[in-house]
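Trainee: Could you slot chains H and U onto chain G? The hints should help.
Sequences listed follow chains G, H and U, in order.
Quick note on this note's numbering: the first sequence kicks off at 1 and runs consecutively.
Quick note on this note's numbering: the second sequence kicks off at 1 and runs consecutively.
Quick note on this note's numbering: the third sequence kicks off at 1 and runs consecutively.
The hints are simulated quantities; they were obtained by calculation from the structure and are not laboratory data.
Mixed in with the good hints there might be a few duds.
Said to hold, decoys possible - Below are the EDC-like pairs computed for lysine to aspartate or glutamate, each with C-alpha atoms no more than 20 Å apart in a straight line: (1) H:K68 / H:E57; (2) U:K100 / G:D77; (3) G:K124 / H:D99; (4) G:K139 / G:E90; (5) G:K139 / U:D85; (6) G:K124 / G:E187; (7) G:K133 / U:D85; (8) H:K68 / G:D185; (9) G:K139 / G:D185; (10) G:K124 / G:D218; (11) G:K272 / H:D99; (12) G:K135 / U:D144; (13) G:K124 / G:D174; (14) G:K272 / G:D283; (15) H:K68 / G:E187; (16) G:K135 / G:E90; (17) G:K272 / G:E290; (18) G:K272 / G:D246; (19) H:K68 / H:D99; (20) G:K294 / G:D218; (21) G:K124 / G:D102.
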Amino acid sequence: MTDSSADSPAVVVEGLAKRFGRQEVIHDLSLNIARGSAFGFLGPNGAGKTTTLKLLMGLLRREAGNVRVLGVDPAVDDTTVKRRVGYVPEQQFIYRWMRVSDAIRFCRPLYPTWNDDRCAELLKLFALDPGKKVKELSKGNVVKLALLLAMAHEPELLILDEPMAGLDPLVRDDLLDGVLRTLCDRERTLVFSSHAMPDVQRMADRIGIIDEGVLLYDGPSDTLLNTTKRLRAVLPNGRTPDRLPDGVICHRVSGREWLITVRDFTPETVRKLTAAGGITHVDVIDLNLEEIFKDYIRGRRAATCET
Amino acid sequence: MPVDPHSHVPIYEQIIEHIHGRIATGVYQPDEPLPSIRALALELLVNPNTVQRAYQELERQGLVYMRKGLGVFVASNGRTTARSKSEEAVRERFSQGIDLGRSARLAEQTLRSLFNRTLRERPSPPQGHDRSSSDKRASS
Amino acid sequence: MRNLMWKDLRQNRNLLLAVGVILGVIYLLPLLVFLAMGLLNPFQRESWRRLLESLTVSSFIAVWVTVLLMLPAIACSLITGERADRTSQFAAYLPIPRGKAVASRFAVAILCSLAFLLLSGLVCLGCVALTSSFYGRLAFIPNDLLQVARVAATICLLMFGLACFWSSLLSSPVQAVLAVLGTAAVLATVFLRIHDRPFAAYGVAPVLGLVSACVGAWICHRRLVL
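Okay, chain G solo, but in the shape it has when bound (with noise of 0.2 Å):
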């Protein structure tokens, strides 16, 4: 495709609001997600994640802010952003009676790019039965399936909201092979939100984690892991600084150990820790993504509980 917008960003959004009822459940939420790169959402239940992915399909309205998907805003022309991306919701609902081979039939003509060569590969690839209806699928091979029509017309951009919830580990590894296949073989950019650490640690290069509508973080996963440090301070008489170091995502203290999640490490952060006073001894620890995750949310649900 070699239109106006194949330079711009997958994904824009801009100051986005979204509420149900009086409820607001996006905050002014703000991405630019380049075109190639692996973007992982991860946020708790309830977090704002499918929310937001639904509003870049166009399947709600928002209430304040911009959104371009490849170039398009969804409000105004849902059905071209549907035609160039693909998409995995939570919950399959393809209608049941169909076989296979059907859905596949429906979907094609929706499709002007739809690839029947890759269509053929990724049903070789999930060993699905074209003869089988819906309703005679396992969990797991529905979900192949909606992968199968997310991914058979070469979509420019994949969303999965959760995609692998629930589904046994072998089921996941097919999940994975063919959405990477997908992806290998040209510029594709993915966009996807899940509560498993692994699969966003093998499949993000980027990643924003998002809680009751607010982003906390959005940035290279490398970065993430490799900045976001614990350190563990020894308080000889028991009292935390007055001024809490800059970059402390969630601290807490129990009886003399003071332990404190910083982003953006540095051996400076533990110099300027040390240089306060009070503190005999610190300890840096390394994070893995989930623990990571946890103490965002923490500290995001500690702040909140103090102001």
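Mentor: Using the frame of chain G, we list chains H and U on its own:
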């Protein structure tokens, strides 16, 4: 070559470390091709961008060279470079261990004897075996 | 578009089959009653005449069941059915222009309703003609038939319009059908109470039907997930 998606080490660093090991031990000989990005991404089930980043970093370190359209090959001096890189990595781990010991106020003599004892007690792997078993992280 | 209409038709296959079966039962009922009570003597002209008269009655009942019950059921099921079983969420991710999706549903609803109306109407006419042959003259003068057809068409339009309106708002076909029947009952009472001009309903009802069908279509079109 498994990657550990639960680890705090980013996957591209894990890939780099693995390939260092394989070049240092001669699994990949000079001027031999490495697996293609697609093949390695599918084998490890990781994002192809991550594999590409790892290969670019390896090229920057001088272990491999890229040929447009042909793939990635081990540099002729790749093995020595990999060895020195491995030495650096070992030094890095040792310094973490030493830091840990110092912060626990252990005497230098104790550190030395601990090092010697560990070296004696670790079974040495058979020739040509992958050396990733010497994982000795300072983290808790 | 053919693709969509095929899907809409197949999605409502069970309902359409059920409508067919119910109409069939209504037609078969007199025959079964005659057989069970031993009233049918194949060699007696009189018993055939009585059977045909009963059949004519049930064919009239079938027409009214179609108009009053089946037509709203078909329309409501086509418009809300996918919302109720949540398959509309699947369709919402597919690049189907909303206008087309709505048009396909309305078209299938209209076509199916017309098919059943035509079927039951023709059966009814056939019965009338056959019964008349026993008397040697038509039981109804054509003018009467035309009047009946006009009333039926008016009510059809009203029922269809109400079905479109309610099913665009509600998310279950059963709720929508009940709402249609409720509204229809209220409207009928209102119309029947206008003593001085009882036929004003013929002018108002079709307009009301058309307007509510259009409003229903517009609400459907506004929905992001149909």
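Trainee: Hints first: check each against the structure and report whether it holds.
Mentor: Verification of the hints:
1. H:K68 / H:E57: Roughly 16 Å between the alpha carbons, so the hint for H:K68 and H:E57 holds.
2. U:K100 / G:D77: Distance of about 14 Å is within 20 Å: holds.
3. G:K124 / H:D99: violated, 53 Å
4. G:K139 / G:E90: holds, 12 Å
5. G:K139 / U:D85: Answer holds: G:K139 to U:D85 is near 17 Å, not above 20 Å.
6. G:K124 / G:E187: violated, 23 Å
7. G:K133 / U:D85: holds, 17 Å
8. H:K68 / G:D185: The hint holds at about 16 Å.
9. G:K139 / G:D185: violated, 28 Å
10. G:K124 / G:D218: violated, 37 Å
11. G:K272 / H:D99: Given that 20 Å is the threshold and the Cα spacing comes to 19 Å, the pair holds.
12. G:K135 / U:D144: Violated - the C-alpha atoms of U:D144 and G:K135 are around 51 Å apart, more than 20 Å.
13. G:K124 / G:D174: The hint holds at about 11 Å.
14. G:K272 / G:D283: OK: G:K272 and G:D283 at ~14 Å, within 20 Å.
15. H:K68 / G:E187: holds, 17 Å
16. G:K135 / G:E90: holds, 17 Å
17. G:K272 / G:E290: violated, 27 Å
18. G:K272 / G:D246: Roughly 9 Å between the alpha carbons, so the hint for G:K272 and G:D246 holds.
19. H:K68 / H:D99: Answer violated: H:K68 to H:D99 is near 44 Å, above 20 Å.
20. G:K294 / G:D218: At roughly 15 Å apart (the allowed maximum being 20 Å), G:D218 and G:K294 satisfy the hint.
21. G:K124 / G:D102: Measuring from Cα to Cα gives roughly 17 Å; hence the hint holds.
Checked against the numbered hints given earlier, this structure breaks hints 3, 6, 9, 10, 12, 17, 19; the rest are met.
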